[in-house]
Each structure stands twice: as structure tokens, then as C-alpha cells.
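All chains should be built: construct the whole structure from the sequences, respecting the hints.
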Amino acid sequence: MGELVDVNELAEPFLEEIRAEVAQCERIRLVGVMGTRANASDKYAGYAASGCAKVGIEFELRHAEPEAVSHEIFRACEDPEVHGILVFYPVFGGARDRSLQNEVVPEKDVEGLHSTWTRCLYHDQRTLQRDGAARKAVLPCTPLGILKILTRLGALAEGPPRELARGRTVTIFNRSEVVGRPLAAMLAHDGARVHSFDIEGHVLYQGLETKRCEVSRADALAASQIVISGVPSRDFERIHKHELQEGAVVVDFSHVRNIDKDVVERASHVVRRVGPMTIAMLLRNTVQLYRSFKA
Numbered sequence: 510m511g512e513l514v515d516v517n518e519l520a521e522p523f524l525e526e527i528r529a530e531v532a533q534c535e536r537i538r539l540v541g542v543m544g545t546r547a548n549a550s551d552k553y554a555g556y557a558a559s560g561c562a563k564v565g566i567e568f569e570l571r572h573a574e575p576e577a578v579s580h581e582i583f584r585a586c587e588d589p590e591v592h593g594i595l596v597f598y599p600v601f602g603g604a605r606d607r608s609l610q611n612e613v614v615p616e617k618d619v620e621g622l623h624s625t626w627t628r629c630l631y632h633d634q635r636t637l638q639r640d641g642a643a644r645k646a647v648l649p650c651t652p653l654g655i656l657k658i659l660t661r662l663g664a665l666a667e668g669p670p671r672e673l674a675r676g677r678t679v680t681i682f683n684r685s686e687v688v689g690r691p692l693a694a695m696l697a698h699d700g701a702r703v704h705s706f707d708i709e710g711h712v713l714y715q716g717l718e719t720k721r722c723e724v725s726r727a728d729a730l731a732a733s734q735i736v737i738s739g740v741p742s743r744d745f746e747r748i749h750k751h752e753l754q755e756g757a758v759v760v761d762f763s764h765v766r767n768i769d770k771d772v773v774e775r776a777s778h779v780v781r782r783v784g785p786m787t788i789a790m791l792l793r794n795t796v797q798l799y800r801s802f803k804a
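The sequence shown runs contiguously to residue 804 in my numbering.
Among the hints, erroneous ones may be present.
What the hints assert, rightly or not - With a Cα cut of at most 30 Å, we get these calculated DSS-like pairs of lysine-lysine: (1) K563 x K803; (2) K563 x K552; (3) K770 x K645; (4) K770 x K750; (5) K552 x K770; (6) K720 x K645; (7) K720 x K750.
In short, the hints are calculated from the structure, not lab data. Every value quoted in this text rests on a predicted model; they were computed, and no experiment measured them.
Following this line, the structure appears as C-alpha cells:
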């Protein structure tokens with residue numbers, strides 16, 4: 510029988526480290542911009558506010574009509590007393606949201622969504638040269654949080670960069686621009702062979718290479734020490750116990766449950782939510798940006 514993981518316990522050491530760092534800094538201020546009435550965004554804002562309060566970061570939530578979100582982003586970018594900006598998406602969806610992501614200056618982009626940071630991510634550039642110094646690249650919160658969870662559970666090695674996932678095979682059911690695709694790239698850059706599935710098919714990630722692949726779902730799951738799911742609806746086939754490798758680590762990050770309950774009988778660890786670690790990485794990124802560009 511495997512373990513159902515309490516992610517709050519895994520996130521707490523990160524919160525302690527962040528709290529200690531914040532105590533050594535002057536005032537750190539994170540501004541959230543809300544231009545949507547989506548219930549999920551309200552919940553995320555609440556978790557962000559609670560997380561900030563726990564570690565000593567000031568948090569301000571600014572509500573705006575969708576057409577005014579761009580102006581609120583501009584105000585926060587221009588304000589030297591604001592060190593991080595968090596925009597709650599979707600605002601419009603599609604290309605307009607992508608444009609908004611690039612309006613948040615990289616120096617305050619706590620979610621790593623600006624093209625400066627996504628370029629670093631997909632080209633495996635782990636630092637950014639600014640003012641003659643190397644600044645650590647910002648990674649998106651949920652993919653980074655999942656990597657930290659896997660490391661804490663021993664599914665990834667503690668070691669030098671680009672070696673953490675060496676020899677691991679991973680299957681991911683999600684290729685969204687927010688989680689699945691960046692997560693696949695990050696794991697591949699750290700040495701994993703990553704099978705990425707979505708409604709458009711199967712893509713294999715290895716190192717910096719990405720290519721279409723004909724390996725079946727069953728064969729990918731059977732070969733994987735790590736299985737990650739984040740499907741958007743119940744139309745997707747569930748992950749069954751018999752499909753898994755004995756001792757696999759299974760992570761389900763969507764609110765739509767896609768793994769059978771008895772998977773825990775075959776897996777070593779099952780993670781059914783990642784939100785607390787996402788918030789921990791959001792706070793970590795906020796402090797990182799403060800130290801890189803303000804301190």
C-alpha cells in the first residue's frame with residue numbers, strides 16, 4: 510500500500526525558508542490584478558493572500574473590469590513600491606491574455622509567464638543577464654511546485670542541475686501552456702524521457718528535442734516511474750491500477766479526478782492536490798524577484 514501525500518507538509522519547509530528570507534528584507538509587496546469573476550480565480554486569490562500573510566509579504570488585490578486590467582498592470586509596473594504582480598487568468602482568453610502576460614514586466618512577473626521567462630524555460634537558459642549580472646530565471650509556479658513535490662518524495666534525485674531526472678520516464682496527461690507543456694520541458698531538461706498526451710496526440714520530450722511519437726498510452730504508463738495527470742473534463746480515460754509500474758509516483762493536479770482510488774495500492778505515493786506547493790512557489794518567486802531586481 511502506498512502513501513496518500515499531504516502536500517501541506519511538503520510545502521511547510523519552503524514556507525519556513527521564505528519566512529526567514531522575508532524577515533531579512535525590507536517591505537516586499539505583491540499586487541494581484543483581478544479582471545475575472547471566475548470562482549477558481551477567487552479561490553486562488555484567497556490562497557495567495559493567506560500565503561503572503563504567513564510569510565510576511567504584503568498582498569493587495571485590485572479588482573478591475575476586463576478592459577481596465579491593462580491599465581492596472583501598467584500602474585503596478587510603474588510603482589517602485591510593488592515588487593511582484595499576479596494577474597488572475599483568464600481575463601479574455603486566447604491571444605489577448607497572452608498580450609497581457611507580456612505587459613507584466615519580467616522584473617515583477619511572479620508567475621514566469623512573460624516571453625522573456627518562457628524563452629529561458631524552453632531553451633533551458635537558467636539565468637538571465639541583466640546589468641552585467643546573472644539573474645536566476647523565473648519558472649511557472651505549478652510546474653515548479655510539482656518538481657519540488659517529486660524531489661521531496663524521492664522521485665527525482667537531489668543533485669546538480671540537468672541530472673535530477675536522469676534515467677526517469679514520465680507520462681503527463683496535459684499539455685497546456687500553463688502547466689503541462691512547461692512541466693514536460695523542465696523534466697526533459699533535467700534528463701527525463703517525457704511522454705506528453707493531450708487531445709491532439711502524443712509528443713515525446715527529451716533534452717531540448719520535441720517530436721511526435723507513436724508509443725501507446727499503455728506502453729508509456731507501463732514504462733513510467735512518474736505519472737502526472739491534469740485533465741480538464743471527465744471525458745478522458747481514467748488511470749487504472751493495473752496500468753502502472755509498481756512503485757510509481759502519481760500526481761493528479763486537476764480538480765477533475767482522473768485516477769482510480771485503488772491506484773494507491775500499486776503506487777508508492779499518490780498526490781491528489783498541488784495547490785499548497787503552487788502557493789509556496791509563488792511566494793518563493795516573489796522573494797527571488799525582489800532579491801534579483803530590487804535589493
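**Message:** With the threshold set at 30 Å, check whether the alpha-carbon distance from K720 to K750 stays at or below it.
**Reply:** holds, 28 Å
**Message:** Hinted pair, alpha-carbon criterion (30 Å max): K563, K803. Please report holds or violated.
**Reply:** Holds, at about 22 Å.
**Prompt:** Given the hint that K720 pairs with K645, does the C-alpha gap stay at or below 30 Å?
**Reply:** holds, 28 Å
**Message:** Run the distance test for K563 versus K552: straight-line Cα separation, threshold 30 Å.
**Reply:** holds, 17 Å
**Message:** Checking one constraint from the list: CA of K770 to CA of K645, max 30 Å. Satisfied?
**Reply:** Roughly 39 Å separates the two Cα atoms, so the pair is violated.
**Message:** Run the distance test for K770 versus K750: straight-line Cα separation, threshold 30 Å.
**Reply:** The given pair, whose Cα atoms are some 9 Å apart, holds under the 30 Å limit.
**Prompt:** Between K552 and K770, is the straight-line Cα distance small enough, at 30 Å or below?
**Reply:** holds, 26 Å
In summary, the structure is inconsistent with hint 3 from the numbered list given earlier, while agreeing with all the others.
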